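Trainee: What follows is the residue order along each chain.
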Amino acid sequence: MSTPTETGNAIVPDDIARQIVLPEGHRDEDKLYAAYDWLIANAPLAQAHVEGYDPLWLVVKHADIQEVERQPQIFTNGGGENKGSHNPIVVNQAGEEFTKQLTGGSFRVLETVTYLDPPEHTFVKNIALDWFRPANIKQWEDRVRELARESVADLKVKAAAGELDLIADWAIHYPLHVIMSLCGVPEEDEPRMMALTQDFFGTADPDKKRDDVDVSPEAAAKQWVATINDFYAYFDTIVEDRRANPTEDLATIVSVARGDDGELLPKEIAYGYLVAVATAGHDTTSATLTTGIQQLLEHPDQLKALQDDPSGIPNFVNEAIRWTSPVKQFTRQALEDYELRGQKIKKGDRLLTLYQAANRDTEVFEDYDTFDSTRKPNKHIAFGYGPHMCIGQHVAKLELRVMFEELLPHIVSGEVTGERKVTQTNFVGGVKNLPVRLELR
Amino acid sequence: MPSVTYVLPDGSEQTIEVKSGLSVMDGSVANNLPGIEAECGGSCSCATCHVYVEGEWAAHYGKASEEEWELLEFLDTVQENSRLSCQLVVTDAEDGLKVTVPEEQG
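Chains A and B are the protein sequences, given in the same order. The letter at position 245 of the first sequence is residue 244 when you use numbering that gives the first Met the number 0, and the numbering goes up by one with no holes. The letter at position 57 of the second sequence is residue 56 when you use numbering that gives the first Met the number 0, and the numbering goes up by one with no holes.
To be clear, the hints were calculated from the coordinates, so they are not data collected in a lab. Honestly, I wouldn't trust all of these hints.
A few chain B residues that face chain A, going by a derived Cβ cut-off under 7 Å, partial list only [what the hints assert, rightly or not]:
{"#": "1", "residue": "C39"}
{"#": "2", "residue": "G40"}
{"#": "3", "residue": "T47"}
{"#": "4", "residue": "W68"}
{"#": "5", "residue": "F73"}
{"#": "6", "residue": "D75"}
{"#": "7", "residue": "T90"}
{"#": "8", "residue": "D94"}
These figures come from a predicted structure and were not determined experimentally. Cβ atoms here follow ideal geometry from the backbone N, Cα and C, with glycine treated the same way.
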């Protein structure tokens, strides 16, 4: 592959930089992972200069992502005191300009944790932190198991009919169904949530754009805002309802939360939570579910071992999460000069934390390119690190564990029968098509 | 507000008033007590807020969840009364709680 060119700071070779920074680069997973591996071996902290994008430090080492993410006062999501001045999700400069035009200059398009820095971040996160603790999540296990059983029954019907697209025909539904149940969104509204979450993350994929938005440089930003407005309109009904009729669900907790002054919080905070939960808890988990099944079909020995001893399922789930790493990146901005891995990060510089790369870090993972469902310890960083670490990780692990406990006893055999296709995005996603044939008992 | 006593790695004790609803970890972090690093910010995922729950309080809180135990079991300093302090919520029912912060974290 390429050789690095040095101009003071380490600069990432153009082909590697484009593979990682551009959404198009993510369509070819083999080349993408080869680019990550090249960086880890040859340029573990270097800057990408891709036309149309701000310069970006590519952070690929596991330890470096931890060092950056545990210091939100230095490496901010939202720009620190200058709130909303930094976009934590990388898009090109044209898209960022368009967002600013729409919002009047701010990147804070949602009142949710992703866009906030402490102390605001801490306050908003704490609204539902108790609800997301493992001890609380545990009480939803029976409900999740019911949903998993329904989903397995549905898969049996589809598998008996012949070849199916494992994700598009099946896996995409279960995680949304779980998270909407826990949120308290009525089942009949799920198709609408499905469409909106697809719009939310599909902004860069030509196959997934909204019909009412054309394909232009600003289209992604326009689609994003249109989708968020649709979400707000929908969730407003839910918030009003829970304020009048509180229940045990997550929607109630975020709808009735009050500030230190005892007043109800602005509704935008509840909308922000619900949008974040609906979106972050959906494509991520379905991508991991699909990829996990694919790995078991390709490693029948591991499938058999888990069928013989289901107590290995939590480890397997963790490995499937490492292997998939469905959140590809977030972006941080340095609020002061900082030296990291011998490179001089300047105040104002932006850093791309690349979780898929860090989960292949040779210093942390032995045989990192081997799918090993018995890997332990497995200190992957797929949920991020520090205060911004995924609040829903224990929900994700629970719903995946329960699904595999329910599904694996039914699998007799299966094979991948066509091409695995992935979404064209540099943010959240992964597999979007996986043709398979399954024999279920 | 409920008060919580932290026995710190140097053997000294500090008693802190922790707002009801916050965790033992929150109380330590907010008062800059040494020992509890809480690198993940309270997500039950990094094992750098390890404490020993003292006396009858251990039974009061009960056992760690599976997710929590998976993190604890890799620590050299793990004991029967080990918990991650981010998972220990303090309310008026926990007034007088005592925890010890081990020297090694993470």
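Trainee: State for each hint whether it applies.
Mentor: Taking the hints in turn, this is what the structure says about them:
1. C39: Since chain A brings a Cβ to about 5 Å from B/C39, closer than 7 Å, the hint holds.
2. G40: holds (3 Å)
3. T47: Interface hint status for B/T47: violated (9 Å vs cutoff 7 Å).
4. W68: Check failed: Cβ of B/W68 comes no nearer than 10 Å to chain A, outside 7 Å.
5. F73: Given a least distance of 6 Å, the restraint on B/F73 holds.
6. D75: Since chain A brings no Cβ nearer than about 13 Å to B/D75, farther than 7 Å, the hint is violated.
7. T90: The hint is violated - B/T90 has no Cβ within 7 Å of chain A, the shortest such distance being about 11 Å.
8. D94: Since the shortest Cβ distance to chain A is 19 Å, the answer is violated.
Violation of the numbered hints given earlier is confined to hints 3, 4, 6, 7 and 8; the remaining hints are satisfied by the structure.
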